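Visitor: Here's the letter readout for the chains.
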Amino acid sequence: MFLILLFILNLCCGQLVLSDNKWINQHYTRSIDLSKGFVKEIDIIDIKNIDNKPQDVYYFTINDGFDSIGSISLFQAILNENSIEVVSEEIESKIYKINLPFPISPNSNVELKFNYIYSNTLTPIPGKISLDDTQQLLFKTNKFPFSPYETNDYSLSFTGMTKGQEMELHLNKTENLPVLEPRVESNTLKYGPAFDLPPFSLQPMGLMYDHNRPLTKANNLYRSIWLPASDINKVSIEEYYELTNQGAQLDKGFSRFDWMKGRYESTRNHWALSHLEIPLLNRNLEEHYFIDKVGMNSNSKFIQNHLLLQPRFPLFGGWNYNFTLGWNEELSKFLHLNEDYILKFPLLNSVRDVVYDNVYLEFYLPESSEFKNFSSPIPYESISVDNELSYLDVSKGHVKVTVHYKNLFDNLHKLDVYLTYKYSKTDFYLKIGKISGFVFIGLISYYLLGLVNLNIN
Amino acid sequence: MSNVNQLTIYGVDIQLIRTLLKIIIFISIAGAAISSRLFSVIRFEAIIHEFDPWFNFRATKYLVTHSYYEFLNWFDDRTWYPLGRVTGGTLYPGLMVTSGAIWHILKNYFKLPVDIRNICVLLAPAFSGLTAIFTYFLTKEMKDSSAGLLAAIFMGIAPGYISRSVAGSYDNEAIAITLLMATFYFWIKSMKIGSVFYATITALCYFYMVSAWGGYVFITNLIPLHVFVLLLMGRYNPKLYTAYTTWYALGTLASMQIPFVGFLPIRSNDHMAALGVFGLLQLVAFGDYVKSKVPNKQFKSFLIVSVVFVFGSGIAALFGLTAMGWIAPWTGRFYSLWDTNYAKIHIPIIASVSEHQPTAWPAFFFDTSMLIWLFPAGIYLCFQDLKDEHVFVIIYSVLCSYFAGVMVRLMLTLTPVICVSGAIALSKLFDVYLNIKDAFHGDNISISKVISKLTVLLSFGFYLFYFVLHCTWVTSNAYSSPSVVLASRNPDGSQNLIDDYREAYYWLRMNTPEDAKVMAWWDYGYQIGGMADRTTLVDNNTWNNTHIATVGKAMASPENVSYEILKKHDVDYVLVIFGGLLGYSGDDINKFLWMVRIAEGIWPDEIKERDFFTDRGEYKMDKDASETMKNSLMYKLCYWRFSELFGGRDGVDRVRNQQIPINAVPELNVVEEAFTSENWIVRIYKVKDLDNVGRDLYDATKFENKKSGKRNRIVKRPKIDLRE
Amino acid sequence: MKILILLLQIIGLSIALSNNQLKSLVQSKSSKLISLTDENFESILQGKRDYHIIALLTSSSPQINCVLCKEIGPELEIIANSWFKDHPNGIEDDFDLYFFKSEFLESRKLFGLFQLNNIPKIFYFPPTNSTANRNYVSEKVEYQFYQGDHKDLMIRWFSELTGYKFNLYIPVDKTKLAIHAILGFTSVFLLKRYKKYVFNVLKSKNTWGTLSLILILLFTTGYMFNQIRGSPYIIEHQDGRREFFLPGQQTQLGIETQIISFVYGILSILLIVLIKRAPTIKTDSINLLLVSIISGLIFVMFSTLLALFGLKGLGFPYRFIRFIKF
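Respectively, the protein sequence lines represent chains A, B and C. Under this note's numbering, think of the first position of the first sequence as 1, with each following residue one higher. Under this note's numbering, think of the first position of the second sequence as 1001, with each following residue one higher. Under this note's numbering, think of the first position of the third sequence as 2001, with each following residue one higher.
Any given hint could be a false lead.
[Claimed, not checked] In silico DMTMM-like pairs for lysine to aspartate or glutamate, Cα to Cα no more than 20 Å straight-line:
1. A:K293 <-> B:D1515
2. C:K2203 <-> B:D1385
3. C:K2276 <-> B:D1385
4. A:K301 <-> B:E1045
5. B:K1111 <-> A:E388
6. A:K425 <-> A:D231
7. A:K97 <-> A:D46
Honestly, the hints are just simulated from the structure, not real lab data. On a predicted model such as this, the values are computed, not experimentally measured, just so you know.
Model the full structure from these sequences, guided by the hints.
Guide: So, in structure tokens, the structure goes:
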């Protein structure tokens, strides 16, 4: 199959502005990790100010150049010597403006490290395979740095795969680039070094490699956190996943016989998604439930501090499975009461090897509490506050704070978000008073009705 | 009464204590009734059971998400494709409206937004508590409150009623039995005191019953029959007149408000008895009036003339109206009750339902335990008293015994009267033997009296204890399986859930286009609609025999014939249930003969039941299976690649204990396997599209097979620069 | 008689009877279902045949107790008679059709030849030219019994095989008619004569009570099941063993209804005696004696009932007395 990609190199005006020759990339090292269902790239760039004035702005472009990257998740820029995160803003799609914490004087160097993840980038090749085939993925990337500055010394390495082939993509490329030959060093596929590359060097390459793991993706995740009104030390979490496998599809219908014969269910190395692993990491999920739209799924178990969820059927490429997972945890681990309540809560559950398109964090604060503030280590799309009626809500209902994130991936469960809200004892007693009032009125009216004499004499 | 009021214990009025005790007993009876129905929820989960409840559940969901009028006008295009079903007009809305109302009340007034599923699951147990209470009142009218309490306990835990009212069996019967008891209670009450008020309540209950269950016809006929027998016995009185006419007039008008019932009450023969008795009662009342006004001799001739005239004209009218088509003929299900061979010959669909089979004696004992032999004793005691209300119990019991004997399902309506009359007998016994007064002769106690009393009381106490054990055992073992989920035991004794149905249905729901049409036998129609949310061709509402026969034909025909049917009906997936791997006997191969029979009813030239048997007349799936059987789509779909599981040897069908040859199904041409569940219970096949090079699908398969047989798979790889 | 002698002569030749011989044989009999025995079967079946044969292999002997045989026999006879009523002289220009009935006790050899394990069987032998030895064994076509109206089903099968059309003439049973007439007449007469008594009986509570109770007892012990399913009364095995109870909740024998309704009835009566009769006995010791005996009986009967129910094998765990060790 011949890969034909029609694309237009979009060198918009922004980029033109960028190439002002104020910096030079002395060393540019790209390392790309392909071990999971998404791509993790770390670029370490030693930059040098070649202008005559001190500079504190550096522009970084994602190494793409031919629209091969689906979506970017989590962009991080770090000063390498003291691991300080640097403020960056995305001024244009895939172009970041890095505001260095201090100006760099002419002819001085500084080393920057860029971490970023891209999802929706890998495609299975061939797209349809049979059960006993090994899944191969195609990763398309720019072989050279797509930096607005000149690069002196460049190298590229791929990790996290066992077997791979390079494919040349016959697409537009920059002329006169040096030829980079690959070599294998300690399970790493390495290219380079290459020297003296012009700005925006582009040579599309494809890397086809064996990846016999599912490409798990949650199209939507609704993660609701129900905070109690009383002093009970429990927080209930309910997550609704819309799961799919982006990997290869079955070439024929699903044959249970072949599936049983190959014993694929018990192996971890198959491209069908038959288990979801949730490492628990010192967490204690109480009263967990695993249900979907037709009721309880009894295939969940705890093994060695992992929660294993088994969908009702193995998921091949393009197959979907929606389910809900709920549990309780100790509230005291997350909630602190200063003047207001401060909730520190993990952004995600620790499901292994999964990417998320949309994540909706939903905090259900007690009725008539007041939402104060929300802060997140990574940017979010939107936040909204409204009310939802739930059990024994006698006024407007629980305060619901919804935060919408896009393009997340599994490792972000290590990040915490912070939410501040105010809930006074008065509110609590008022609610109890209201409920008991209603009960009282009900009983009284029952009594009064009993006094009415309906007899006709 | 006045001296009773003076009785006090520790200064508390004894009446008050009695009331309190009664309330406590009621609460515990209701508690026992509800909790014994929760086995399945505890063992499995709060899930809707079986088949019909899935439709009711789906309809309820529709009701709570739409307005009531939308619900009544609901045209469901997701079943009976391509015909659709006028669902709103062909269902009894009582059940859905009840749970919908509960849902709204809980949500809006009690601020408890309970999931509608939980309400549906728990509706039947909740109503069973009410049933026990109404049974108490009914029995109290028959004898006294102690009999009432016994009847309530019996009703609460009798397996015959539990069988249809465990948590999750969200079916019309769940509330209908409650309403049956309520209607009967109010009827007895109104008939006894001649109260318009109670008769109105009877009519209301009757209306509710009509809205909830097709079995309301039972009431429609039983009450008139009661009145009729009373008239024959010469027990006419104005109270009876008041009660019956009020009930009939109001009840009939009210029942006609249900769209599905409509004008049936004045047109269908099922309802003619009520109308006839209504007319008769007018005549008798008139006669009674005339009698009081004219001398006896003239009255006699008046009586004879009028009886002859009325009788003649009545029959003539009935025949005339039936002939003119104004009155609908008896429904098939009704026929099958009287002429037990009718269904077998004329309506195979009705005969194919296991609920419509006759009842063997173990079922009676299984469902009511020792009440079954208390029952005749109770009826005997009723004959001893023979007040108007006892006549009712007697008629009810004789009629229902017959019905229950003819159809297993009607065990349900027999159970209440067994409980009532069992309670009458037992409480009479207790009346006699709990009376300690006659053990005292003056001051000295008669030891032998005490012993004889103790013997009886202890032995019957023991029987009652056994009764509870029996009921619990039956409920737990026989009536608490959701049938959607099956439970089995692992060798180590732990429970293993077999969840194939939901696995496959959920697969359909998640991985097929929303408008995909699924063809399966009608038993699974409601479940597919409810769980897989896909369009079906036929379902458990068996209103169109031809359509069902079409599906039967598609299943019973060879592939090429089936393919035409499948394509004509836009079928995308075919679903079959296969129990051969697991030994699950309720599978499609075991139901297959019914498909054949129903199809044969419409296409006797194309489908012949005889062809599906071996030469020796056996129903076999192994190498002796007849050619027609082997070529049928059903056989192919069930056994496709089945024998390969057995590694080179013949496969063993564990349901039929037959050897399935390795090449039982050499090839599938018009469908391809799309999904098979973990234990192979559900197998889903995708109907192939017409071949895009215009080949016959057989040729296409042959070509593909040849290709893969040679193993010359052409690997098309992209032009790559292989450098490593 | 002459014909029989003729038959015996022909056996020696071991070829089938000619059509005309058979025709005259049939015409001479009143029942057109001719019996096929060990004596004559070779002559009728062996060798060339220029006629269709339909043979019922059956047995009406009480030892074998075949219910279906008893049902099928008369029905086939009706068909045979109807056929010859339509075709008293056979069919002009096509093969004739003859009906035979073979009784097991008279034709053990024939049954052995066909290696029959179960009866009844209906075989069809088409006309043939083959003269091979025992050609008929391989030429037979077997009829499948199905639920439904047997006459209808058989006729359909016959006409499928032979291509002939069958009409049915169901004979009016004159004796039955007469009995009905006499019964009707006498009952009307008696009614007229003893009007008063009849009305008293009809008005009596006891009549209706007994009737209702009997009905209830029958219906709740599976009487209707027997009626609908036509379950056999009792199962007798070859070795003389008798089975009274079939295991399984969905099946039962005729006799089970009787046994169980008896048990229920006795239990009910005992209970009623306890309620109605016992309290009227004023002598304490007799009262005690009666009550103890009846309580004991109830216990025994109830235990029996449980044991019988246990026989139906549902894994039912409760017994009061273990009559049989399992």
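Visitor: Against this structure, judge whether each hint is valid.
Guide: A quick look at each hint next to the structure:
no.	hint	verdict
1	A:K293 <-> B:D1515	holds (18 Å)
2	C:K2203 <-> B:D1385	holds (15 Å)
3	C:K2276 <-> B:D1385	holds (13 Å)
4	A:K301 <-> B:E1045	holds (17 Å)
5	B:K1111 <-> A:E388	holds (12 Å)
6	A:K425 <-> A:D231	holds (10 Å)
7	A:K97 <-> A:D46	holds (16 Å)
Every hint from the earlier list agrees with this structure, and none is contradicted.
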